[in-house]
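Listed below are the residues making up each chain.
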Amino acid sequence: MRYIWQLVKNSFRMQATYRTALLAGLLTNLFFGFLRAAVMLALYQGQTSVNGMSIGTAVSYVAVSQGLIAFLTIFGYFDVMRSVYSGDVAADLIRPASLFTTWMGRDIGRSIVNLIVRGVLLMAIFSFFFDVVLPTSLLQWVWIGFSLLLAWGISFCWRFLVNLASFWTPDATGVGRMAFALSQLMCGFILPLRLLPDWFTHLANFTPFPSMMNSPVEIYLGILNGSQLFSAIFAQVLWLGLLYVVCRVVLAAGIKKLVIQGG
Amino acid sequence: MRRTVILYFKLIGIQIRSQLEYRVSFLMDVVSTFILNFSYFVALALILERFGTVAGWTLGDLAFLAGLAEMGFGLMDLVFSGFDPDGFSQFVRLGKFDQMLLRPVNISLQVFGSRFLVRRLGRFVEGCVIFGIGAGLAHIQWTLGKVLYLPVVLLSIVAGMGALFVVGGTLIFWTVQPVVVVNIVTYGGNELMSYPITIYPRWIQGFFTYVIPLVFLNYLPGLYFLNKPGLLDFPPIFSFAAPFAAALMLFLAFQFWRFGLKHYQSTGT
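Order-wise, the sequence lines are chains A and B.
Final position of the first sequence in our numbering is 263; the numbers increase by one with none missing.
Final position of the second sequence in our numbering is 269; the numbers increase by one with none missing.
Source of the hints: derived by calculation from the structure; they are not laboratory data.
Virtual Cβ for every residue (Gly too), placed ideally from N, Cα, C.
Just to be clear, a hint being listed does not mean it is correct.
Label pairs and their in silico Cβ distance ranges [claimed, not checked]:
| hint | chain 1 | residue 1 | chain 2 | residue 2 | range |
| --- | --- | --- | --- | --- | --- |
| 1 | B | K228 | A | V120 | 34 to 44 Å |
| 2 | B | R202 | A | G46 | 55 to 65 Å |
| 3 | A | A90 | B | L27 | 21 to 31 Å |
| 4 | B | G52 | A | Q228 | 26 to 36 Å |
| 5 | B | K228 | A | T48 | 45 to 55 Å |
| 6 | B | G95 | A | S86 | 49 to 59 Å |
| 7 | A | M14 | B | Y22 | 57 to 67 Å |
| 8 | B | T58 | A | I94 | 51 to 61 Å |
Chain A is faced by these chain B residues, among others (derived, beta-carbon under 7 Å) [as the list claims (entries may be wrong)]:
| hint | residue |
| --- | --- |
| 9 | M28 |
| 10 | Y40 |
| 11 | L46 |
| 12 | E49 |
| 13 | I184 |
Take a look, some chain B residues computed to stay more than 12 Å from chain A by CB distance [unchecked claim]:
| hint | residue |
| --- | --- |
| 14 | L102 |
| 15 | R119 |
| 16 | T143 |
| 17 | G188 |
| 18 | F238 |
| 19 | G268 |
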């Protein structure tokens with residue numbers, strides 16, 4: 001536990017040190033958020049509500065999902081595979097915890113900084129330009145927090161799993177990019193799942209991806225209430241558990257196969 | 001002149017050969033670049049099943065506009081890889097740019113030849129596919145004028161967007177690190193060009209008309225191809241302004257590049 005805490009602290013500090021990079025990310029996410037919000041407004045064209053989503057909620061969806069990009073590392077993550085190819089993974093393997101735990105610790109600190117700077121701050125600036133929904137009840141905030149935590153876990157497991165491909169192939173970047181393209185589309189990042197055709201949403205619901213972003217955002221926006229909220233959280237817990245087990249099994253198999261090339 | 005062209009293709013040839021060395025990973029790179037960008041178009045097509053149009057523009061119209069922008073950007077990304085601020089920044093930091101300055105060959109030519117990322121072909125191919133879909137769905141009434149003007153527009157996008165890369169690369173002389181605002185203008189500009197500009201807030205429209213005139217490269221020519229009336233204050237003749245806007249942008253960009261070169265100080269590596 002102290003080991004993880006140390007990793008979290010280190011990665012938090014490291015991420016917080018690169019202020020210009022943080023600011024750069026914030027500005028970019030913000031600008032693309034403006035563009036996406038404009039497209040959303042143009043799609044609605046005066047319609048007040050589509051499939052249970054009002055125009056104001058849809059614009060807020062854009063704001064929240066843009067704010068979660070860095071926290072959930074939506075655009076892709078190649079750190080683990082890079083360490084496998086450079087051989088640094090050898091040093092990580094002799095640490096007093098599994099590779100999964102080590103990388104998770106490194107990811108937590110980074111994600112927390114990103115949630116604050118590129119999440120909360122982004123939403124604050126965004127709300128100067130567009131009306132952004134703000135939950136009012138404390139209970140809803142608790143559910144949001146819990147759901148975001150689960151979403152982060154699912155995202156990490158998914159990213160780690162994709163990176164494990166590097167144990168089997170000498171260049172997994174292509175595979176990784178395809179996998180992250182898939183998850184971007186299916187998690188509701190590019191466009192809210194609710195606004196896509198029903199058949200597509202049903203298909204997406206067979207994957208862990210909606211639990212990675214669409215569910216927490218809809219909980220934030222207050223679209224999911226009562227039993228719908230519970231089933232969304234339940235699905236998140238289930239997917240997190242399942243992905244965790246798969247990660248462990250694949251990691252164990254991969255380590256047996258891994259050959260570190262001297263360097 | 002002939003020597004320059006030969007030299008350029010030699011430099012590019014080396015780049016291509018070294019990237020094709022790892023055939024499987026190269027193919028995976030091209031395919032994954034294609035899929036990544038294409039998934040955004042898929043999402044647009046899906047959402048239009050519910051909404052029908054974006055401000056009166058159908059999927060076909062939008063695909064035509066976006067495809068044109070993507071083809072142009074993809075091609076530009078390939079040809080101007082050397083000036084790409086992200087890559088050029090590393091180049092300067094590692095001192096490779098200093099090595100180039102020592103060689104008795106035109107420096108701009110060397111930068112052009114220093115990087116040619118073939119995997120970005122994926123983006124160009126993706127643009128072609130989307131453009132094809134758009135041209136088919138939008139039932140373009142092709143005339144001789146349109147057929148002749150199309151390659152001009154495409155090259156204008158390449159040159160205009162390339163100018164932004166050159167400006168971004170020049171800024172590296174002072175900042176060493178890539179400047180974020182440049183990325184917003186290039187990648188954000190490409191995203192912006194994928195939709196009719198009239199959907200954006202006034203200040204964004206104004207910026208991309210009078211400061212960085214991207215509206216002349218894609219939206220206004222698009223109106224001509226799609227036979228659409230414009231909502232901006234420009235008369236239809238402005239649909240043909242693309243090559244002029246692009247030439248002006250590229251000219252100013254290279255003036256700035258020359259100015260930057262004079263003030264370049266090595267990082268000492």
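(request) For the range 49 to 59 Å, tell me whether the beta carbons of B/G95 and A/S86 fit it or not. (result) violated (22 Å)
(message) Using Cβ atoms and 12 Å as the threshold, tell me whether B/F238 really stays out of contact range of chain A.
(response) Given that every Cβ of chain A is farther than 12 Å from that of B/F238, nearest at about 22 Å, it holds.
(message) Under 7 Å is the threshold here; is the Cβ of B/Y40 close enough to any Cβ of chain A for the hint to stand?
(response) It holds, given that the least Cβ distance between B/Y40 and chain A is near 6 Å, below 7 Å.
(request) Examine each Cβ of chain A, and state whether all of them lie more than 12 Å from the Cβ of B/L102. (result) Nearest chain A Cβ is 31 Å from B/L102, so the label holds.
(message) Holds or violated: the hint that B/E49 contacts chain A, with Cβ atoms closer than 7 Å.
(response) Status holds, d = 5 Å.
(request) Determine whether the non-interface label on B/G188 survives the test: each CB of chain A must be over 12 Å from its CB. (result) violated (5 Å)
(request) Just tell me: holds or violated, for the beta carbon distance of B/T58 and A/I94 against 51 to 61 Å? (result) About 60 Å separates the Cβ atoms of B/T58 and A/I94, which means 51 to 61 Å holds.
(message) Quick check on B/L46 please, does its C-beta sit within 7 Å of some C-beta on chain A?
(response) holds (5 Å)
(request) With 34 to 44 Å as the target window, see if B/K228 and A/V120 comply at their CB atoms. (result) With a Cβ separation near 41 Å, B/K228 and A/V120 satisfy 34 to 44 Å, so the hint holds.
(request) Return holds or violated for the Cβ distance of B/K228 and A/T48 against the range 45 to 55 Å. (result) The hinted range 45 to 55 Å is violated for B/K228 and A/T48, with Cβ atoms some 27 Å apart.
(message) For the hint 26 to 36 Å, verify it against the beta carbon of B/G52 and that of A/Q228.
(response) Hint holds: Cβ distance 28 Å, inside 26 to 36 Å.
(request) May I ask you to test the interface hint for B/M28 with respect to chain A, counting a Cβ-Cβ separation under 7 Å as satisfied? (result) Holds, because the Cβ-Cβ distance from B/M28 to chain A comes to roughly 3 Å (cut-off 7 Å).
Of the numbered hints given earlier, the model fails hints 2, 5, 6, 7, 15 and 17; all others are met.
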